[in-house]
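Engineer: Listed below are the residues making up each chain.
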Amino acid sequence: RKEVEQDPGPFNVPEGATVAFNCTYSNSASQSFFWYRQDCRKEPKLLMSVYSSGNEDGRFTAQLNRASQYISLLIRDSKLSDSATYLCVVSSGYSTLTFGKGTMLLVSP
Amino acid sequence: GAVVSQHPSWVICKSGTSVKIECRSLDFQATTMFWYRQFPKQSLMLMATSNEGSKATYEQGVEKDKFLINHASLTLSTLTVTSAHPEDSSFYICSAWPNEQFFGPGTRLTVL
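Line order of the protein sequences matches chains A and B.
In my numbering, each residue's number is its place in the first sequence (first place is 1) plus 945.
In my numbering, each residue's number is its place in the second sequence (first place is 1) plus 32.
It is worth saying that the hints were derived from the structure and are not from the lab.
This structure is a prediction, so every number in the text was calculated from the model and none was measured.
Each statement offered as a hint is correct.
Only part of the chain A face toward chain B is listed, based on derived beta-carbon distances under 7 Å:
{"no.": "1", "residue": "Glu-988"}
{"no.": "2", "residue": "Pro-989"}
{"no.": "3", "residue": "Phe-1044"}
{"no.": "4", "residue": "Gly-1045"}
{"no.": "5", "residue": "Lys-1046"}
No more than 30 Å apart at the CA atoms, straight line, and that leaves these computed lysine-lysine pairs for DSBU-like:
{"no.": "6", "chain 1": "A", "residue 1": "Lys-1046", "chain 2": "A", "residue 2": "Lys-1024"}
{"no.": "7", "chain 1": "B", "residue 1": "Lys-52", "chain 2": "B", "residue 2": "Lys-98"}
{"no.": "8", "chain 1": "A", "residue 1": "Lys-1024", "chain 2": "B", "residue 2": "Lys-73"}
{"no.": "9", "chain 1": "B", "residue 1": "Lys-96", "chain 2": "B", "residue 2": "Lys-46"}
{"no.": "10", "chain 1": "A", "residue 1": "Lys-990", "chain 2": "B", "residue 2": "Lys-73"}
{"no.": "11", "chain 1": "B", "residue 1": "Lys-96", "chain 2": "A", "residue 2": "Lys-947"}
{"no.": "12", "chain 1": "B", "residue 1": "Lys-96", "chain 2": "A", "residue 2": "Lys-987"}
{"no.": "13", "chain 1": "A", "residue 1": "Lys-1046", "chain 2": "B", "residue 2": "Lys-98"}
{"no.": "14", "chain 1": "B", "residue 1": "Lys-52", "chain 2": "A", "residue 2": "Lys-1046"}
{"no.": "15", "chain 1": "A", "residue 1": "Lys-990", "chain 2": "B", "residue 2": "Lys-52"}
{"no.": "16", "chain 1": "B", "residue 1": "Lys-73", "chain 2": "B", "residue 2": "Lys-46"}
{"no.": "17", "chain 1": "A", "residue 1": "Lys-987", "chain 2": "B", "residue 2": "Lys-98"}
{"no.": "18", "chain 1": "B", "residue 1": "Lys-98", "chain 2": "B", "residue 2": "Lys-73"}
{"no.": "19", "chain 1": "A", "residue 1": "Lys-990", "chain 2": "A", "residue 2": "Lys-1024"}
{"no.": "20", "chain 1": "B", "residue 1": "Lys-52", "chain 2": "B", "residue 2": "Lys-87"}
{"no.": "21", "chain 1": "A", "residue 1": "Lys-1046", "chain 2": "A", "residue 2": "Lys-987"}
{"no.": "22", "chain 1": "B", "residue 1": "Lys-87", "chain 2": "B", "residue 2": "Lys-98"}
{"no.": "23", "chain 1": "B", "residue 1": "Lys-87", "chain 2": "A", "residue 2": "Lys-987"}
{"no.": "24", "chain 1": "B", "residue 1": "Lys-87", "chain 2": "A", "residue 2": "Lys-947"}
{"no.": "25", "chain 1": "A", "residue 1": "Lys-947", "chain 2": "B", "residue 2": "Lys-98"}
{"no.": "26", "chain 1": "B", "residue 1": "Lys-73", "chain 2": "A", "residue 2": "Lys-987"}
{"no.": "27", "chain 1": "B", "residue 1": "Lys-46", "chain 2": "B", "residue 2": "Lys-87"}
{"no.": "28", "chain 1": "B", "residue 1": "Lys-87", "chain 2": "A", "residue 2": "Lys-990"}
{"no.": "29", "chain 1": "B", "residue 1": "Lys-52", "chain 2": "B", "residue 2": "Lys-96"}
{"no.": "30", "chain 1": "B", "residue 1": "Lys-73", "chain 2": "A", "residue 2": "Lys-1046"}
{"no.": "31", "chain 1": "B", "residue 1": "Lys-87", "chain 2": "A", "residue 2": "Lys-1046"}
{"no.": "32", "chain 1": "A", "residue 1": "Lys-987", "chain 2": "A", "residue 2": "Lys-947"}
{"no.": "33", "chain 1": "A", "residue 1": "Lys-947", "chain 2": "A", "residue 2": "Lys-1046"}
{"no.": "34", "chain 1": "A", "residue 1": "Lys-987", "chain 2": "B", "residue 2": "Lys-52"}
Backbone N, C-alpha and C define an ideal beta-carbon position, used for all residues, glycine too.
Chain B on its own, in the form it takes in the complex:
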């Protein structure tokens, strides 16, 4: 199956800093990528749909100015958590879509 990578796999940062997470499709081109967030013992929640060359579509309740998404190429989408706070600590997972959703390995963010 298709391979999706994420970097970094985990990050610990101080409150108020910004964190960038990269999502790459390694062996296919993805015009659409998805960003999810999962809190402990909760379901994956779609945050936004990232479209190459255009603005991302955010789900209700997700602040677009806080979670900046850039999909500048067919193989790379980035999610930047700006001014991160402890409540942003979560597992962030991206996925890409060639016929089915293939998930990246996730990034565990801990904000102190």
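Chain A extracted, bound-state conformation:
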């Protein structure tokens, strides 16, 4: 079983749509959770951390379910600029990050 699993997509949505990505992780000792965004041929950039209580940053909402080892990202009112690959990232301790393969999102006019 892969450590961090994501649906690779692509998710094709029109502008203004709401889209949700899911991720599961296998290491129950994982302590920190993140969503990163990666544009084509670029480095990943931190989108947001994910907390058990859930957190929101503008149009983006992240949720964590530790019991199910499941993380989600919801994007509301999609913009063309949201087109990218979204990486689910898990850390089990100091600084070591484990990346999922990413979910590709394509937002069309």
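Based on these hints, arrange chain B on the given structure of chain A.
Structural biologist: Structure of chain B alone, referenced to chain A:
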């Protein structure tokens, strides 16, 4: 946020040559830097953890004699791909850690 640079941004070389990639933290000191590799449509895979003033820690399956890491100062880590072969062609990304991982822009290596 903190800035991490990489040089070169891309390199094309012949099989058998060695390639050095530099990773610099521009506005902070980093005792620890990380080197990742990403093949097309694959996830970033940690290759090694680079520690200033000591030997790097390599992940399982990564040949330390092939991927030489030197972290001689608090702002510079280098990765040298020795005797590169076409299967080493990949996107190499470094990151540094002041409270969170900041990634460099990556180096795209193509070995002919």
